[in-house]
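**Student:** Each chain, written out:
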Amino acid sequence: MRRVRLYQVGVIAGLLLLLEALCLAGVIDKITMPPPHRIAVDLVKLLLAGKLYPEIGKSLANVLLAFGLAYSTGIVTGTVLHGYRTARETLDPLFATYYAIPVFAFYPLFIVIFGLGDGPQVLIGFLLGVVAVIVTMLNGLDRVPRVLRKTASICRMGPFETAVHVTLPFCAPYLLTAAKLALAYAFIGVIGSEFIMARSGMGYEIGYAYTNFDNATMYPLIVLILLLSIVMNGVLTHWEKLLLARRGQR
Amino acid sequence: MTSAHVALKGVTKRFPASAGGQAVHALGPIDLSIRQGEFFAVVGPSGCGKSTLLELIAGLTPASEGQIEFEGRAIENEIPDGIGVVFQEDACFPWLSVRENVEFGLRKAGVAPDEKARRVRDAIAMMGLGEFAPSYPAQLSGGMRQRVCIARTLVAKPRLLLLDEPFGALDQQTRLLMGDEVLRLWREIGATVFLITHALDEAAMLADRIAVMSARPGTVIDMVETHWPRERDSRIVEQESFGATTSRLWKTLREESMKTMGRSAAAT
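These protein sequence lines are chains A and B, in that order.
Going by the numbering used here, the residue at position 242 of the first sequence is 242; the numbering climbs one at a time, nothing skipped.
Going by the numbering used here, the residue at position 34 of the second sequence is 34; the numbering climbs one at a time, nothing skipped.
If you are wondering where the hints come from, they were derived from the structure by calculation, not from laboratory data.
Among the hints, erroneous ones may be present.
Claimed, not checked - Okay, derived cross-link-like pairs now, DSS-like style, lysine-lysine, Cα gap no bigger than 30 angstroms in a straight line: (1) A:150 with B:116; (2) A:45 with A:30; (3) A:150 with B:251; (4) A:150 with B:108.
The following block holds chain B by itself, in its conformation from the complex (with noise of 0.2 angstroms):
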């Protein structure tokens, strides 16, 4: 188990009974071993728990039975150091400038002001924000403000960095170039990459490994390898492989959904 540079054993997630309602046994058990600098996706129906998974591993939520270890130490009560999380919702703070934003990823760093000033310019620039420095979330597109949140989690370091549906809410096109964006900083930063999202083809796209997880409970249901060299980018979606790849990740998660949406229209 510690050869991973993340690894989950028996993870398991409920959520108690709300006034009325009935405990939700959410997710697992899961067992996971991530290698390190790997880009590993998660793909799933909705509900499945997928975005709890994400949350057990940074440490925003405590697992209800299993361990979850992050570089051989569990992850128990508190964010691991090292952790950087995007999030699918705009989490730009609205009244900070752009390079604000990215200096609060660092408020809690202690890292010498010097050496604060570089790494903000270094983050600002490698998202291609230089000239919206000074602007304030507001004045920028929903694009750009992901990538400001990209900045902040990367100016960091993270040697985790986990995404949660980070480009859910653009459009295809932007997804297919963020989509780039992330791989080359993947390839710049050495980081292991931990993607959660909906979306089969940038699963396909992005991920060394995809894990695909069942209707909720969520668990994992099959584990696909792409084989993808490590420099790539969004034009291996032109590859014969890319739509097999896919095609097996749908085939898989086809009856789960069916699942999900039976669930839903029983409920309702």
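With the rest of the complex left out, here is chain A (with noise of 0.2 angstroms):
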């Protein structure tokens, strides 16, 4: 295990030194993107000076809100759908083919809808992500073993506590899955919209550092998110592997 964690932190420094001796020999100009070397310099100026906190805190808050809208919904959803057949099966086709529609096709009628604040890119990461923790749920509701709920019901639990006890600790690494999905989806949705129509953000800083070349903004903020991604994600993934491994499964 160790020495595969030594191989992967290799594989990501051997990219990084590539791209640092292309910046550098030429292979790719300054104005395309700069040295990795500078970018995490730009990167550190820029949190130092702290002029885009405001707008990291916000693409950040809405972010967390529509993972945490997504996540929640989702779950309850899933939980909800698994007992009754007849509306989980009426709803299985739009699950099956949810991922085929373009959510960011109607970003110009939940501007209409909701106006030009956060609501629709809030709206955005939540529709993303939302049928991913319902179908994820699902997957995992179907996957506890009927002797399990049996041994409740022997235990004189109802539905509430079976549920409390029995069937969302079976499911808890499906809901890490789910809320993994639900937070990449969220980033994808918020950070996406903000580039298409927002005032402010991460997204639309990016943009608008885009459109003027300014590259020592724009590298610095596209890593940030990166880092914040991976981190957050990492987090999950880690206590993923801790229940996954308590259970003998990994």
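With the hints as a guide, dock the two chains, each given alone in a separate frame, to form the complex.
**Tutor:** Next comes the structure, spelled out in structure tokens:
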């Protein structure tokens, strides 16, 4: 395991070094992309200056709001649908084709309905994530062994206690997978929406920097989004691994 | 009917037709009377409704017709107090340690914390799992996990212990040893034991009485008394009467098993 970790770090470091060499050698010109060490320095400067903190805070708040809404709605909806076979079978075709629908295409409609504020961005982040959470939740609930439910019944537990003490703990690894998906989709939805039509936020700032050839802002912001997304996903993946290891599944 | 610890009168189970299928008459009518403190086993061909019978007694599924009584009270749409079940499948909660799994059996028992801790400790020790109390099920063998499930059932001090092929997934040596464990526990806790098994030797070794069921719809076609002393263990397999008992069971069951196989062949 330790060796694998070393290989992973080695691959990333190797790619960064290659990029650095290509930038320094002029194969990739400075206007297209500054060398990675320059991006790192610019990122530190950007963070120390604190000028973009309101933008970063706004984007992160919207990402977390979209994530929280998608996650809670998805879990509740998935749990309810699992108990109603007909409703589930009715919605199955929608779930199967949902990700073929370009949610971003509805952006103008969302602006008409919700105005130019943060609402449409959060809504897109929510819409992208919610079905992934529902489907993952249903998948987890389908796998709860019948014998565990029977054991709960023998222990004279009602439906609510069974859900809290048996069903949901069994589904914990699926809940973490759902959280990872919801978080990734929330980032894509919110930051992507800020690119298209917003007056603030990290996505807007990246787009603005791009049109003004401001690489000292654009690349550090892109790296910051990457880092935030990787760290949050990494924490969830770590919990998932711990859970699966305890269950002998990894 | 009230003198029996468990009594079944005209019990029948029919499963309604599923989409495109036919209704299934799974079981009955069955009349049974199980005595207090008795070790009672049921054997029968695959699909005869043995597990359904156990679920009916446990209150996990309602009977289509007839009446089931436990300690003189009818079992109707709820799990009666005083019943414990050990299932064939691994029923350990994988996210809980051995200690927490056993504690789970007392979640609704309304037992004081001190008493709970003592009973959990005793049940774990009784099943020889003391050093594994902080371990998780994934770290245990199949036999040990089944012992965790037995400990979780015993901690609630059931007066009727229902065992649904509890050793089905274990190898023969472990099954014999687990059989000894169950006999020892049966003597210690004084509960009535109702064992479902497909293994004739297991039934002949463990039970005071054995009901033989017909092919579906399962009914009781023979009742065999073993006349074993209460103090017994797996060494009784060496006795001549053990062979005679298993022979009698097989003689009755052979034709029923052939019927089941014929039905399977016809279905394919």
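**Student:** Flag every earlier hint the structure violates by its number, smallest first.
**Tutor:** 3
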